[in-house]
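Need the complex rebuilt from these two chains, each delivered in its own frame; the hints are there to steer you.
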Amino acid sequence: MSNSEILVKELADKYGRNRESLMPILQDVIEVRRYVTDEVLVSVAKELDLSAAEVFGTASFYSFIDTKEVGKYVIRLCKTIVCDMKGKDAIIGALESTLRIKVGQTTPDKKFTLFTTNCLGWCHKGPAMLINDEVYTELTPGKAIEIIENYMHK
Amino acid sequence: MSKMINLTINNMPVSVEEGTTILEAAKKLSISIPTLCYHEDLCVAGNCRVCVVELVGMRTLQASCAVPARDNMQILTNSMKVRQARRHIIELLLSEHNADCTKCYKNGNCELQELSNEYRIGNRLFADLVTEKNYTIDQSSPSIMKDDSKCIRCQRCVRTCSELQAVSALAVSGKGNHMKISSFYDHPMHEVVCTNCGQCINRCPTGALIERNYIDEVWEAIYNPNKHVVVQTAPAVRVALGEELGYDPGERVTGKMVAALRRLGFDSVLDTDFTADLTIMEEGTELLTRLKKALVDGDTSVSLPMFTSCSPGWIKFIEHMFPELLPNLSTCKSPQQMFGTLAKTYYAQRKNIDPKDMVSISIMPCTAKKFESVRPEMRDSGFQDVDYVLTTRELAIMIKQAGINFMQLEDDKYDRFMGDSSGAAVIFGATGGVMEAALRTAYELVTGREVPFANLNITPVRGMEGVKEASIKIENVKADWSFLEGAELKVAIAHGLTNAKKLMTAIRDGKASYHFVEVMACPGGCLGGGGQPIPTSPEIRKKRTEAIYAEDEGLPIRKSHENPEVAAIYADFLSEPLGHKSHELLHTHYKARKRY
Ligand code: SF4
Ligand code: SF4
Ligand code: SF4
Ligand code: FES
Ligand code: FES
Numbered sequence: 145m146s147n148s149e150i151l152v153k154e155l156a157d158k159y160g161r162n163r164e165s166l167m168p169i170l171q172d173v174i175e176v177r178r179y180v181t182d183e184v185l186v187s188v189a190k191e192l193d194l195s196a197a198e199v200f201g202t203a204s205f206y207s208f209i210d211t212k213e214v215g216k217y218v219i220r221l222c223k224t225i226v227c228d229m230k231g232k233d234a235i236i237g238a239l240e241s242t243l244r245i246k247v248g249q250t251t252p253d254k255k256f257t258l259f260t261t262n263c264l265g266w267c268h269k270g271p272a273m274l275i276n277d278e279v280y281t282e283l284t285p286g287k288a289i290e291i292i293e294n295y296m297h298k
Numbered sequence: 337m338s339k340m341i342n343l344t345i346n347n348m349p350v351s352v353e354e355g356t357t358i359l360e361a362a363k364k365l366s367i368s369i370p371t372l373c374y375h376e377d378l379c380v381a382g383n384c385r386v387c388v389v390e391l392v393g394m395r396t397l398q399a400s401c402a403v404p405a406r407d408n409m410q411i412l413t414n415s416m417k418v419r420q421a422r423r424h425i426i427e428l429l430l431s432e433h434n435a436d437c438t439k440c441y442k443n444g445n446c447e448l449q450e451l452s453n454e455y456r457i458g459n460r461l462f463a464d465l466v467t468e469k470n471y472t473i474d475q476s477s478p479s480i481m482k483d484d485s486k487c488i489r490c491q492r493c494v495r496t497c498s499e500l501q502a503v504s505a506l507a508v509s510g511k512g513n514h515m516k517i518s519s520f521y522d523h524p525m526h527e528v529v530c531t532n533c534g535q536c537i538n539r540c541p542t543g544a545l546i547e548r549n550y551i552d553e554v555w556e557a558i559y560n561p562n563k564h565v566v567v568q569t570a571p572a573v574r575v576a577l578g579e580e581l582g583y584d585p586g587e588r589v590t591g592k593m594v595a596a597l598r599r600l601g602f603d604s605v606l607d608t609d610f611t612a613d614l615t616i617m618e619e620g621t622e623l624l625t626r627l628k629k630a631l632v633d634g635d636t637s638v639s640l641p642m643f644t645s646c647s648p649g650w651i652k653f654i655e656h657m658f659p660e661l662l663p664n665l666s667t668c669k670s671p672q673q674m675f676g677t678l679a680k681t682y683y684a685q686r687k688n689i690d691p692k693d694m695v696s697i698s699i700m701p702c703t704a705k706k707f708e709s710v711r712p713e714m715r716d717s718g719f720q721d722v723d724y725v726l727t728t729r730e731l732a733i734m735i736k737q738a739g740i741n742f743m744q745l746e747d748d749k750y751d752r753f754m755g756d757s758s759g760a761a762v763i764f765g766a767t768g769g770v771m772e773a774a775l776r777t778a779y780e781l782v783t784g785r786e787v788p789f790a791n792l793n794i795t796p797v798r799g800m801e802g803v804k805e806a807s808i809k810i811e812n813v814k815a816d817w818s819f820l821e822g823a824e825l826k827v828a829i830a831h832g833l834t835n836a837k838k839l840m841t842a843i844r845d846g847k848a849s850y851h852f853v854e855v856m857a858c859p860g861g862c863l864g865g866g867g868q869p870i871p872t873s874p875e876i877r878k879k880r881t882e883a884i885y886a887e888d889e890g891l892p893i894r895k896s897h898e899n900p901e902v903a904a905i906y907a908d909f910l911s912e913p914l915g916h917k918s919h920e921l922l923h924t925h926y927k928a929r930k931r932y
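Chains as they are written, first to last, in the numbering used here: chain A, 145 to 298; chain B, 337 to 932.
Everything labelled a hint here was simulated from the structure, so no lab data went into it. Just so it is clear, the structure is predicted and the values come from calculations on it, not from any experiment. Hints are all accurate, no fakes.
Pairwise CB distance ranges, derived in the manner of DEER restraints:
hint: 1; chain 1: B; residue 1: G382; chain 2: A; residue 2: D253; range: 45 to 51 Å
hint: 2; chain 1: B; residue 1: T344; chain 2: A; residue 2: E175; range: 56 to 62 Å
hint: 3; chain 1: B; residue 1: S476; chain 2: A; residue 2: R178; range: 28 to 34 Å
hint: 4; chain 1: B; residue 1: S476; chain 2: A; residue 2: D172; range: 31 to 37 Å
hint: 5; chain 1: A; residue 1: C263; chain 2: B; residue 2: K439; range: 38 to 44 Å
hint: 6; chain 1: A; residue 1: C263; chain 2: B; residue 2: N347; range: 42 to 48 Å
hint: 7; chain 1: B; residue 1: E468; chain 2: A; residue 2: E175; range: 31 to 37 Å
hint: 8; chain 1: A; residue 1: E164; chain 2: B; residue 2: M394; range: 30 to 36 Å
hint: 9; chain 1: A; residue 1: D253; chain 2: B; residue 2: K439; range: 43 to 49 Å
hint: 10; chain 1: A; residue 1: Y295; chain 2: B; residue 2: K439; range: 46 to 52 Å
hint: 11; chain 1: A; residue 1: D277; chain 2: B; residue 2: P659; range: 41 to 47 Å
hint: 12; chain 1: A; residue 1: Y295; chain 2: B; residue 2: S476; range: 37 to 43 Å
Cβ atoms here follow ideal geometry from the backbone N, Cα and C, with glycine treated the same way.
Looking at chain B on its own, in the form it has when it is part of the complex (with noise of 0.2 Å):
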């Protein structure tokens, strides 16, 4: 046990190991000490000074975040020395920030607005300094907006894009009162090496980095008599909706999800979960081909190991970072994608709509898929296959805006076609579940055995470590899979692009051996992605992990292959996994970028 530490905070005694920092000792206290610059998933930046504290007997205020408790410190962290320093520092940031609450898409959920009301700022002490400035916005990209006015160079976005994910396309520029926050020249964030992620968008206390919102085009493609409007909803929207809307962390609303489009107005509620479960199929019969040709026809241009496509943020990383490991990528394309691709062929088929009076919407946990849906590879339906994507924080508003009271909602299901999943795909929102989905079919298909996991939980490929390594062997085969007979399935998968990186350094330099890898380009994967409620922490993530393996233990169905409407497409529409339609309809292929 490390040793403890006894201090007094606003004289009262408390007692916590060495190491803890006054920011969280307070917090043992349940004392709250306004933060900005610092975030919990975040090396310490120690540069906004908003947390600063009174250390009884030191002449200067300390930042609570990054100072260390030690013994018999007395910390007053609401004297009158702190208020008034807390008071300065934010106005002074106020007096270059382009304050414009009521027309700025933070407003209400702003961690420097909620401050400045905090202290109730009114008459501004310093001179207005916004008019000087030159700020830019940019809204090069499909997912990102930039607003360089609303920036209070907290920098919690450069450390998430370097700590994080490894890609650093934002760092600090300049100096004094020219620092900002850039990319490489101040080029449009489209040009630059950003995948999208919106990590950093999850992280910017302001209205600085916000998502490109579609609600407008959506509510006018919901008005337009003449569009029939279809909707699909990710795996990992349904366990963080509610904190958006009056629950705790950790609530699964997946009915009142269902309820609420419906009642917003969408001609068709359906669900990502049954592309998942087809992604499976494709993919899972794609590594048993690759792993086929390589074993038994000792093909030598087949790519091992195979990585996971789902993720459209690791997928602009790979082709920015690693572009000579593309041909390992699997040519599937992510769920969304091809149930764009489905709605606009399949389902019109079967409704019989023309699918240019066809507006295909999905929410997503997700920015980089905004971006994935305008990729011109993206239009195989012979239309812009998925037509606009929410994220989890747009449908919120949405809800909001239609005056609907969420949590009276009765649960509501998915419509029957192309609306139903297997719990296996309700698990591609957490690290390790692609994995899983794709172990608990592969394995059965070759063996017709279960995996031999009990109640089928694989868990050595759950949890929270950055990358995790597990392996499985494969005996008693059935007869066509003979030449894995005894072969030990070895497999990796990483979440967050940093760990990504680490990773594919490791395969490409040879170092690591592998058949198959998953990689999610966020952090816990897309419980924790970009799009998801703010704020995101380690504590959120662990209970939307909970809720995610608790609804696919709740589902009658937990195997892809199980899925009965997986076995219909094929029968009705594909034919077969990696047949020619699937070929067409649902694999792709991607480009190599520029590094830098």
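If we strip away everything but chain A, and leave its shape as in the complex, we get (with noise of 0.2 Å):
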């Protein structure tokens, strides 16, 4: 047994093989590995019994289940309305000529992977993103720069 197929069974063992135990057991992987790969979800799908397009169409389905490899750090900057109106699209260039990476990309030290999300409930503070699990608000190009560069020395 592969490593996926292993900790695929375990989670499946602790949450049940019924179609409910979808969800918590691909959360369970994204805490563990940070995303899933097809190799993930097929273990899944095995375990089971669903088929893989459907396992992958429920991933897919959430935007904190990365379907492709991410980075050690995934920014989410959010897109929405109130926070484009408040300048993300200035956020995003500060974000891509400091990573010198598009928005979608991984950095090639597969350190950073830059998104765009929809909106986090943070619209007060836009604009918003996410690194990982922390929230950071009322950004400023200048402001984004300096997170991402403490990132860079972790």
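Below is the structure:
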């Protein structure tokens, strides 16, 4: 058995093998692995006797389940209307030039991945972004760069 | 009797059984309400909203396909509010749709096109989003093309693949404006568990899922003076082709189809039914041999029950889903492939034609047969045995292109050589038909008497029940078969892969035991195949079934072993069923495939 298979089997033992266990299993995988791979999703499909396409479909519905490899730190900048009006484009520009990647990409050292996402519920303090589970609000380009630089040295 | 519900639709009173939807109630009054996501074969999804109607007294419009009729409802199907909403819904769908109708394969047979035509959608109200989208077109499969720019996300395909076929090769992925229909990780269709059955194609209301068509390749072969082009036609095509060419469902058009194929320019018009009869000889002998090995020789390596192997969608399904049961599959090739090999060997020799100068075409109710024809195992003649497979729909297109007035054609007959068939071969097109044909022959082979059913009609194996079971007692056998004396031959039949999955699970888990099992991938058997005319509905399948059995009863020979051409091919070429040559040309092997 591969590592993924072992992990998924343990989680299926823990949560059970009916359809409702799918989300808790995926959430736990994300906690351990940060993202899911086709290998993991196939293992989940096998354990729960679902079709792989269905498992992929479910995983892809949630913005917090990344179905492609992501870096150690995943940046999710809000792109919804309030943050947009409060200047998210400038933040994107600052992040892209600091990290030298475009939205959707991961840095070659696999440290950062940059995404945009929908409303984070921090509209009153926009523009807002998440780095993994940490929220950063009232961003300016300068502030955003400073935050990233801190992470670079972590 | 269930309770009756009284309501009015467009001010006309109507009374319907409890549980009837507004959509169905309207049908009773001959009012049609447009639908897109709704399909008679599938559970209600209620996601497209084009079927909305006004319920007087309610502020919001209701999806008529999903809402059951209730007493005293006053429904309006064509009020100002309804018309406006519907128009907006259609326009919204079109705003994300690559509505390039003149270049679209579904032009003229598209539910979305029909609707926008009805509503004369002209000026666009909404911004065109097609250019913003990164749509992909998947042409990887030899059977199916998937063009996301034509998809309206009605999810008929998703429900088909999961409810009817238990495969779920397609699912909904992403959300919001990223929502789409995708395979696992959006892998190309030929790399995933898709069985190529084409049931999704048959239900897709637009051009998002279509068959890979080979019409131009076939025209090219016909026009090439150096090629000898033979065509074979499957049993189920003759009871459905008419639907594409002006007839009502259930019309048998065998003679006209043969005439049309001649006019199209095929050098020889032949019948897959001939090899269906041959399949019965080979498969029947294989079954009896397996039974003998198991019962007399005590050979425990023999796998029983034996499964039929004529449905390539079923074959790919079992290769993916139940590889442990592959030894139970009969090794017989499908009739299409038996025909293909024999065309480029037996036929070529008799006609003195170099097989390299032949092009072998088949007309099938099936998209899975396109995949089957390119399997590497299917080259026993030394060439690709079947060069191109066309669906019933593609043949209809060719007939129209050639300017043939189909309904006016005089009936014609198949060519004599490899064109003869029995009624037993014709019923291959209906679920239970292969079983019935096999029993007609095997029973007679063993006992010397006809099967004990009135007029040879083995009714317990017929009909639309998902899984059918029957047993037949074998008594007073001929000396060679004494080991079968008093035996009860137990058989089962499944059609639609969801039913096949149920049956296979029971067999695998030792919860059911049979000797012989027939499986057809498509609901109703080949007559409901993925390559058949669109629409196909329960009612239409019933009509085609009746036509198949009528065709059988109308034929002078109704048992495979009585087909004189079958006797001739054994005498002149193959020598005996399961003999050396048969093994080489008519049998094959299977491979386990990934489940995910
Ligand atoms: S799918 Fe229908 S509406 Fe769309 S381009 Fe094709 S024919 Fe036209
Ligand atoms: S591919 Fe066809 S059936 Fe499937 S969701 Fe799209 S339009 Fe509907
Ligand atoms: S062809 Fe059959 S198995 Fe393949 S996606 Fe369509 S319905 Fe599913
Ligand atoms: S709009 Fe950005 S957090 Fe709500
Ligand atoms: S047909 Fe009723 S919602 Fe689609």
